[in-house]
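Given the structure of chain A, go ahead and fit chain B onto it with the hints provided.
Each chain, letter by letter, is given below.
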Amino acid sequence: MVKIKHSGDLEALRITLEDERGNYRSKITICGGTGCQASRSLAVIEAVKKEITRQYLEKDVLVRSTGCHGFCEQGPIMVIEPGNLFYCHVVPEDAREIVSKTLLKGEVIERLLYTDPVSGRKIRTEVEIPFYQAQDRQLLAYNKLVDPCLIEDYISVGGYASIAKTLAGIDPETVIEEVRASGLRGRGGGGFPTGTKWTECWEAPGDEKYVVCNADEGDPGAYMDRCLLEANPHLVIEGMMIGAWAVGADHGYIYVRKEYPLAVKHARIAVQQARKYGLLGNNILGSSFSFDIDIARGGGAFVCGESTALMASLEGKVGEPRPKDIHTVKSGLWDKPTVLNNVETWANVPFIILNGSRWFASKGTKSSKGTKILALTGQVKNTGLVEVAMGTSLRTIVFDIGGGSKTGNAVKAVQTGGPSGGCLPVGKFDLPIDFDALTKAGSMMGSGGMVVMDEGTCMVDVAKYFLNFLQDESCGKCVPCRIGVDRMLEIITDITEGRGRPEQISLLEELAETVSEGSLCALGKTAPNPVLSTLRYFYDEYIAHVEKKRCPAGVCKSLINYTIHPEKCEGCGICIRACPHNAVRGEKKKAHVINLLECRKCGICVTECKFDAIMVG
Amino acid sequence: MLQYVTLTIDGSRVRATKGTSVLDAAIEYGICIPHLCHVPVLSDTGACRLCIVEHVKNGSSKITTSCTLNVQEGMIINSNTEKVVKLRRNIAELMVAEAPNSRAIQDIAVRCGVKDVRYPFRNNNCIQCGRCVRYCTQFWRANALGFVGRGKERHVDYPLGSRPDFCKNCGSCTLYCPMSVTPCDGPMKRGEERLCGKCESQLSMSVGFPGACVKCELGKGFQCARQA
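From first to last, the protein sequence lines are chains A and B. Each step along the first sequence adds one to the number in the numbering used here, with nothing skipped, and position 576 is 576. Each step along the second sequence adds one to the number in the numbering used here, with nothing skipped, and position 140 is 140.
Chain A extracted, bound-state conformation (with noise of 0.2 Å):
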């Protein structure tokens, strides 16, 4: 393999391998994320390949396995170019029925169609698919045209042109200028404008400096960085290389967290063909500047996600976070000056210096720019990787993207950045994805993730699962978090098994400012949203719980009671050999009756019975 030398040998070699794919007659693209990957892909992208070479078809058709294409739930995914043919949920059977009817014939399979939940049709092609069609896909848009193992296909198109650019000509003042005209924030949560970052770690003194990527996502439900990394791995490290010869840096770190083994494979393969190609290591393309990029696997803890913390566990130390009275860009890894961006943050730099920061800031509202990945899941129809420009509403995304809800129960509130964020009612729909709007309204940005709830859902049990989550990945240092959050969740599990005190909401409400105030690092300070958040907008259940020992929404086991509808029972006996404990009884064709000191509430009678004849209250 040649070493780049030149950015003229870089735009060569792209044409050179531009012109190689474009000899193809088509192409299929198959999902090799994760989540298509524990659907069978990888069976499939074998199949394919086999049925290929049997049918001599290797010189006329390029099989790609690639990253996430985002509509998990529908994998394995297949695109067919020319044509932009969709297939989801397709098997190793299939490869024989698509390569001889598809490929050969131009035959559609209508049952491997996508059918829209919604209207019910059949969808075609990709762009047809309303999942798609209502975002604005542009770190995403590339998932699907590189394959992550091949540094070619990335260079295909049109990768490294901004290292390529920024190298050959564009001084690191210009570069940071250019980062903080178009409006970059943080994309990991906290929103921080990445240009000042950039100018105060270039300001700071000394001659070693440090980047440091942050793919520590552990936020329950969201995974756009695992994707992104996964998927487009030269983005990242290209964003990187921007950033570093904007401040100065020699060396970077991705810090991935060990549950994303296939991201940490992918980074490692992008990172060892960058260094092959001579695009990290010493004299990148001819130029004085020298970078490489080492990968570190986190220990899988949440609170490594926290800048300080990830820098502690990056020097081997117990991954703690500390007090941010002296900034990370003055004095952080090994006491250097660094700069620690997340995923997302770092795969927009590239297209900021390539199209400018006036194509950047062109989308979005006033004070966030650019588009947001998010990761839509809960009661919606269509899940899955989401990318819109800044400013959406939270009703498009909830209803036109993910197609309302999937039970039928009307949609009751969606909770926005995973496990620090907040619950926001129906209400508050309207509010766009805006990092200060929705810190304004009770939740926040976060990295992402939207987890929406139907009216099944009870609010205080969701506050309970994330007081619990948290009180588990709190790091312990501090005592507002270790034993205010423990001391919230007392509160909160009292609550919802009926021990509920009235006087305990206003404690609760108090201990959470104390928390949100009193806690050392970023995480300890969110920690109270879910439950500041849904005492904000959903305060009638709580006092449901409290005074009237009520769940309204009929999840909370010690405050519901399972009984059968006398009139409803038709006397079948389904419930009775349903239930685990024995707890129903009655003859046959005469209406059942519940135990209620047997009855454990586990709800198997109700989706059993056909009657609907089970009352939940």
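None of these hints come from the bench; they were simulated from the model. Predicted model only: the values in this text are computed from it and were never measured. Each residue gets a CB set at the ideal place from its N, CA and C atoms; glycine is no exception. There are no misleading hints in this set.
SDA-like cross-link-like pairs, simulated, lysine to any residue; straight-line CA separation at most 25 Å: (1) A:Lys525 with B:Tyr119; (2) A:Lys49 with A:Val99; (3) B:Lys152 with A:Asp472; (4) B:Lys115 with A:Asp494; (5) A:Lys330 with B:Lys57; (6) A:Lys317 with B:Asn70; (7) A:Lys330 with B:Leu7; (8) B:Lys86 with A:Asp325; (9) A:Lys317 with B:Cys167; (10) A:Lys27 with A:Leu150; (11) B:Lys86 with A:Pro502; (12) B:Lys115 with A:Pro502; (13) B:Lys152 with A:Gly299.
Restraint ranges, calculated between C-beta atoms of paired labels, are given here: (14) B:Gly149 with A:Tyr465: 16 to 26 Å; (15) B:Gly19 with A:Ala38: 47 to 57 Å; (16) A:Tyr465 with B:Asp165: 42 to 52 Å; (17) A:Asp136 with B:Gly149: 36 to 46 Å; (18) B:Asn58 with A:Ala38: 45 to 55 Å; (19) A:Ile604 with B:Gly161: 41 to 51 Å; (20) B:Ser43 with A:Ala134: 44 to 54 Å; (21) A:Arg577 with B:Leu160: 47 to 57 Å; (22) B:Asp157 with A:Lys5: 52 to 62 Å; (23) A:Glu455 with B:Gly161: 46 to 56 Å.
A short, non-exhaustive set of chain B residues, derived as facing chain A with CB atoms under 8 Å: (24) Cys48; (25) Asn70; (26) Gln128; (27) Phe147; (28) Gly151; (29) Arg154.
Just chain B now, with coordinates in the frame of chain A:
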């Protein structure tokens, strides 16, 4: 040569050596900011959060621990605003509910204005201030103690769970442990924990001077009493 900076703590102009923390500067001038995990010879971690102060900067104030905040020229610190006092009281309440069996913590709770404890007592025998761990690792450089686990499971322990050879039984860890000072009436049994509040009468002397140190052996704060 020592360099000095001038700052304002609770309205009084204070001169402090460059590089010291706000807490040290305040203590030097007799402005007593409650604290627990701070030990003069050791580095500060900001774990107990009792020494929180309001740092007024560019018109907005930020809550931060004074032990980790270094003095800067012209900085304005308020250690006794309503907000800080309330926060500190709540933090002290959490601590005394967690570990009532220590005169030091009972004393801190009373000094921070805790009148009653609204949480069920837990009677743990460690508050995880980390004084022992830091004394062992930083002062003696023995590393015979450390924190193990995270969150609720975090506790002080020997590495690998058993006493290593390099622990010389010097006893510094017990000497610096706030839990080793038992309450005046002797240790409380499980189920009998309460907020002691005996030294509250001495506290009343300081009404009107909320920032001043109470003139009793206990009221001087944990660190003062132990170091004397």
